[in-house]
Each structure stands twice: as structure tokens, then as C-alpha cells.
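**Q** Listed below are the residues making up each chain.
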Amino acid sequence: MNRTRVWQKARPYALVLPAMVGILLFVVYPIFYLIKLSLFKYNLLNKDKSKFIGAANYSEIFTRGDFYNALTTTVLYTVGVVAITMILSLAIALWLNQNSRFHAIVQAGIFTPHIISIVSIALVWMWMMEPNYGLLNYALKAVGLPALPWLQSSSTSLLSVIIVSVWQNVGYYSLLIVAALKNIPQTIYEAAALDNASKFKVFYKITLPMISPQLFFILVIMTIGSFKVFDTVKIMTGGGPNGSTTTLVYYIYEFRTTSIGYASATGVVLMAIITVLTFIYFRMLANKVHYQ
Amino acid sequence: MGFVFPFLWMISTSLQTFEETMRFPPTWIPASPQWSNFVEAMSSGPFLTYFKNSVIVTFSIILLQLMVMIPAAYAFAQYKFFGKGILFGMVLLAFMIPGQVTFIPVYLMLADAGLIKSLWPQILPFMSNAFGIFLLRQYFMQIPQEIIESARLDNASEFKIIGKIMIPMSMPAISTVALFSFVSHWNDYFWPLVMTDSEAVRPLTMGIAMLRETEGISNWHIIMAGNVVLVVPILIVYLFASRQIVKAFTYSGIK
Numbered sequence: 001m002n003r004t005r006v007w008q009k010a011r012p013y014a015l016v017l018p019a020m021v022g023i024l025l026f027v028v029y030p031i032f033y034l035i036k037l038s039l040f041k042y043n044l045l046n047k048d049k050s051k052f053i054g055a056a057n058y059s060e061i062f063t064r065g066d067f068y069n070a071l072t073t074t075v076l077y078t079v080g081v082v083a084i085t086m087i088l089s090l091a092i093a094l095w096l097n098q099n100s101r102f103h104a105i106v107q108a109g110i111f112t113p114h115i116i117s118i119v120s121i122a123l124v125w126m127w128m129m130e131p132n133y134g135l136l137n138y139a140l141k142a143v144g145l146p147a148l149p150w151l152q153s154s155s156t157s158l159l160s161v162i163i164v165s166v167w168q169n170v171g172y173y174s175l176l177i178v179a180a181l182k183n184i185p186q187t188i189y190e191a192a193a194l195d196n197a198s199k200f201k202v203f204y205k206i207t208l209p210m211i212s213p214q215l216f217f218i219l220v221i222m223t224i225g226s227f228k229v230f231d232t233v234k235i236m237t238g239g240g241p242n243g244s245t246t247t248l249v250y251y252i253y254e255f256r257t258t259s260i261g262y263a264s265a266t267g268v269v270l271m272a273i274i275t276v277l278t279f280i281y282f283r284m285l286a287n288k289v290h291y292q
Numbered sequence: 293m294g295f296v297f298p299f300l301w302m303i304s305t306s307l308q309t310f311e312e313t314m315r316f317p318p319t320w321i322p323a324s325p326q327w328s329n330f331v332e333a334m335s336s337g338p339f340l341t342y343f344k345n346s347v348i349v350t351f352s353i354i355l356l357q358l359m360v361m362i363p364a365a366y367a368f369a370q371y372k373f374f375g376k377g378i379l380f381g382m383v384l385l386a387f388m389i390p391g392q393v394t395f396i397p398v399y400l401m402l403a404d405a406g407l408i409k410s411l412w413p414q415i416l417p418f419m420s421n422a423f424g425i426f427l428l429r430q431y432f433m434q435i436p437q438e439i440i441e442s443a444r445l446d447n448a449s450e451f452k453i454i455g456k457i458m459i460p461m462s463m464p465a466i467s468t469v470a471l472f473s474f475v476s477h478w479n480d481y482f483w484p485l486v487m488t489d490s491e492a493v494r495p496l497t498m499g500i501a502m503l504r505e506t507e508g509i510s511n512w513h514i515i516m517a518g519n520v521v522l523v524v525p526i527l528i529v530y531l532f533a534s535r536q537i538v539k540a541f542t543y544s545g546i547k
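Respectively, the protein sequence lines represent chains A and B. Quick note on my numbering: the first sequence kicks off at 1 and runs consecutively. Quick note on my numbering: the second sequence kicks off at 293 and runs consecutively.
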């Protein structure tokens with residue numbers, strides 16, 4: 001009898017144990033380890049020679065131009081991706097929000113880029129952005145516009161990377177918005193129709209406010225996602241030309257072997273940024289769970 | 293159309309000759325499909341090894357996640373216990389902290405453990421799928437309590453309840469999580485890039501990305517052939533399970 005009581009007490013812990021081991025080992029502990037590393041001048045070859053230097057890595061971060069460059073690039077990238085994706089996916093969602101077979105096929109099509117590896121996507125776009133034989137410059141010339149250097153010039157490289165990210169994600173966010181649109185009660189639209197409201201007015205006064213919680217939600221997810229951008233940059237530009245596409249994660253990646261302490265401190269800064277953004281995200285999540 | 297076109301263009305290029313790729317205006321349909329491009333792409337590196345690694349890593353992750361996630365989700369859904377709030381808080385934390393933040397300490401840990409030359413660094417860090425635990429817990433909570441209570445009255449053990457009631461009744465959620473894992477880990481590039489330092493443990497994504505270095509910057513027909521090989525498995529899965537996959541991804545966005 002007593003043994004079953006003990007087991008009943010221990011059971012929940014036994015069931016969550018493997019999951020918790022995974023999370024402790026690969027999320028919680030690494031966070032503390034990262035913070036510790038950020039306070040050291042770390043010696044990869046001989047750990048005993050690592051030196052505690054306190055906040056020196058942090059003061060270095062905030063005095064270095066290349067850090068500000070990476071931060072600015074990440075912010076520009078994020079603003080660009082979020083703004084363009086938001087507008088495009090809203091437009092596509094409004095168009096998609098009809099129940100026909102054709103729209104179902106289009107939905108499946110626009111979603112494909114989201115499930116394809118960024119490696120493939122980056123390579124295909126690099127080929128299309130090739131300056132001399134690439135399709136994009138061919139298209140530009142065909143309509144009488146000058147060819148662009150796309151990834152080869154620091155004035156267009158970030159925009160090129162933004163285009164690829166938007167293209168990969170717009171279908172996914174369109175579907176999220178379609179889901180939100182489908183939740184708007186039809187009766188509201190019928191009432192508006194009785195009042196002879198214009199299409200623009202219906203959109204501006206009904207549709208937009210009704211889906212604004214989801215839009216804000218998408219905004220936050222997209223912002224967090226964009227702050228982590230790395231793959232596209234690594235494959236397409238290697239951070240260049242001239243650091244024009246060096247984002248925060250790429251910056252950390254570059255320092256990961258040569259200067260672990262400094263890279264870790266930058267990691268802590270990135271974590272702080274993501275935490276603030278995620279805090280907003282979870283606040284909204286809590287609201288959704290409680291008040292639905 | 294704009295969303296499928298780059299992939300059609302990828303396929304077209306993968307079947308062109310080098311001369312055709314350099315032609316202006318572009319060649320839309322190759323004069324005679326060059327299947328040898330695929331042979332050339334696949335023989336430029338140990339692609340069988342890459343492919344095998346991708347398969348092993350992806351399926352090990354899915355299996356491990358299912359084994360870890362189902363009991364945890366059940367406990368979070370069914371029991372009240374001391375510390376539950378904190379533990380669930382850690383699940384949410386795991387949901388929020390991306391690998392791009394913690395990869396340096398995780399790498400050092402796994403290197404200290406002597407695992408860097410194996411496939412483990414690509415598998416172990418993903419054993420706890422926070423999103424999966426979260427989603428499955430929601431699902432378990434929706435299963436009527438009466439079913440579980442009557443099973444308990446019949447003296448069914450908790451493991452039997454998980455195996456005979458919870459898992460069969462939650463198949464849609466379980467397959468959703470498994471598909472989500474499949475797509476994310478088959479496609480992953482960042483993690484293997486920072487966790488591997490030898491050809492023997494690299495997955496297909498890295499092999500294809502490296503094609504560009506081995507093939508130089510002009511052999512686009514070969515690079516695109518490699519690219520097709522990377523995309524096809526996902527497209528086949530998508531063809532059969534597109535509804536489930538879309539659901540999995542929209543879930544992860546909305547939840």
C-alpha cells in the first residue's frame with residue numbers, strides 16, 4: 001500500500017524526467033554557461049589559461065563599429081522583411097479567403113517555399129540573381145530596365161537577401177491571416193452590406209480591427225524569427241560585400257572560434273533582445289488562452 | 293505561380309548543358325535532358341554518406357522526441373504535482389531560446405563529452421521538443437476525463453492508459469508534431485554547420501551547400517541537380533501530407 005502511494009507521488013516526476021533532462025542540459029544549463037563564457041577571455045586550446053575579465057567583453061561590444069553595423073543590419077533586415085511580408089501576405093490572404101478548388105491549389109503552392117530547405121532556396125535565388133546570365137537581370141533587361149548587381153554590391157545585397165526571405169515566408173503568413181479572416185462572423189459583413197458601406201471602408205473599419213490581434217501576433221513572431229537570420233546570409237553573401245549583410249547571428253558565428261568570450265557576450269545581447277520580444281509574445285499567448 | 297516558378301527553374305537548369313545555362317535569352321526547356329548532371333553532382337562528394345546521415349538524424353530525432361514528449365505531455369495534462377508550474381515554465385523557456393543563442397556552450401559541452409565526431413550533437417539537443425509537449429498537452433486535455441477514469445476503475449495502469457487511450461486518440465496531434473520535426477530537421481542547415489567538423493557526419497543540406505564551393509561559381513546546372521535531390525524527398529512527403537504539414541506549421545505559429 002505504501003509503495004503504491006510513493007509511486008503515485010513520484011509518477012509525474014518520472015514521466016516528465018526525460019523531457020526535463022533534455023531541457024536542463026540543452027537549454028537551461030547552456031544559458032548559464034553562455035553568461036559565464038561571456039565574462040572570460042576564453043582559451044579554446046588550453047582552458048586553464050582562460051582569464052576572467054568581468055564585463056570587458058560587453059564594454060568591447062558597445063565600442064565596436066562592426067557590432068553596431070551587425071545590429072543595424074539586423075534591424076534593417078527585420079524591418080524590411082516584416083513590413084514587406086506583412087503587406088504582401090495581407091493582400092494575398094484577402095484574395096485567398098474564398099472557398100474554391102483553385103484557391104486550395106494556390107494555397108498549397110504558396111506554402112511550398114516554407115517547407116523547402118533554405119539551402120535550396122538560397123541556391124536557386126543566387127542562380128536567378130547571377131549578374132550576367134541570371135533570370136532576374138534578363139527580366140529587367142527585357143522590360144528595358146538596367147541590370148542590378150544583386151548580391152555583388154553592398155547597396156543591393158541586403159535588399160536581395162530580404163527578397164528571398166519574404167518570398168520564403170509570405171505564403172505561410174498568408175495562411176495564418178486566412179485562418180484569422182475565417183473567424184470573423186459573417187453577420188458583421190451582412191450588417192455592413194445593409195448599410196451600403198464601401199469595400200475600402202469595410203476593410204478598414206471591420207476586417208482590419210477584427211484580425212488585428214492576430215496581425216500583431218504575426219508581427220511579433222516574424223520579428224523574433226528575423227532577428228535570428230543566418231542561413232540565407234551564410235549561403236548567399238557570407239556577410240558581404242563589405243559587411244553589408246553581416247547580421248547578429250552571422251557576427252556571432254564569425255567569432256565563435258577565434259574569440260569565444262566575445263561571441264558569447266554578443267550571444268547574451270541577442271538573447272536579451274529575443275527575451276524582450278518573446279515576453280510580448282507570451283503575454284499575448286496568455287491572453288489568448290484565458291479569454292477565448 | 294511566382295511561388296513555384298523558382299523550383300521549376302531549378303529543375304529546368306538541372307537538366308541543361310553548361311552552354312545552355314550560359315545562353316541569353318535563357319533556355320526554358322533543355323534540348324536534351326542531361327541526366328548525367330545528377331551523376332556528376334552526386335559523385336562530387338560522399339553524397340551517400342550525407343543522405344544516410346540526414347535519414348539517421350531526422351528519424352532518430354523524431355523517435356526520441358516521441359518517446360520523451362508523450363509521457364511528459366501526459367503528466368502535464370493529467371496530474372497536479374509540486375513544481376509543475378516551474379517545470380512547465382522551463383518548457384516554455386525551451387520554446388523561446390533559439391539554438392542561435394546557445395550553440396557555443398552546447399558545442400563546448402558536446403566537445404567535452406567527446407561526441408563531436410559522432411551524429412549525437414545533431415540529435416541529442418532536440419530530444420525535448422517544447423512545441424510538441426505544449427501541443428500534445430493541449431490535445432490530451434481535450435480527451436474526456438470519463439474515458440480515463442473508467443479505464444482506471446478497470447485497474448488499467450497509467451502506462452496502459454497512455455498506450456491504449458491517449459496515443460491512439462491523439463494520432464492527429466502526434467503525426468502533426470512528427471511531420472513538423474521531419475520538415476525542420478531534414479531541412480536544417482545552421483545546427484549541422486556549427487556542430488560538425490568532418491564529412492563523415494554531415495547531412496545532405498551541408499553537402500549541397502558545399503557543392504557550390506566544389507563546383508565553382510559557374511556550374512549552376514550541377515549545383516541545381518544536387519538541389520533537386522535535396523528538395524524531392526520533402527516534396528514527396530508534402531504531396532502526401534500537405535494538409536497535416538500546413539496544420540503543423542500554422543499551429544506552431546498560432547499557439
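Please keep in mind that the hints were generated in silico from the structure rather than gathered at the bench. Treat the hints with care, as some may be off.
A short, non-exhaustive set of chain A residues, derived as facing chain B with CB atoms under 8 Å [said to hold, decoys possible]:
{"id": "1", "residue": "Met86"}
{"id": "2", "residue": "Ala108"}
{"id": "3", "residue": "Leu175"}
If the Cβ cut is set under 7 Å, some of the chain B residues that face chain A in the computed set are [claimed, not checked]:
{"id": "4", "residue": "Phe373"}
{"id": "5", "residue": "Leu379"}
{"id": "6", "residue": "Ile459"}
{"id": "7", "residue": "Ile526"}
Backbone N, C-alpha and C define an ideal beta-carbon position, used for all residues, glycine too.
**Q** Which hints, by number, does the structure contradict?
**A** 1, 6
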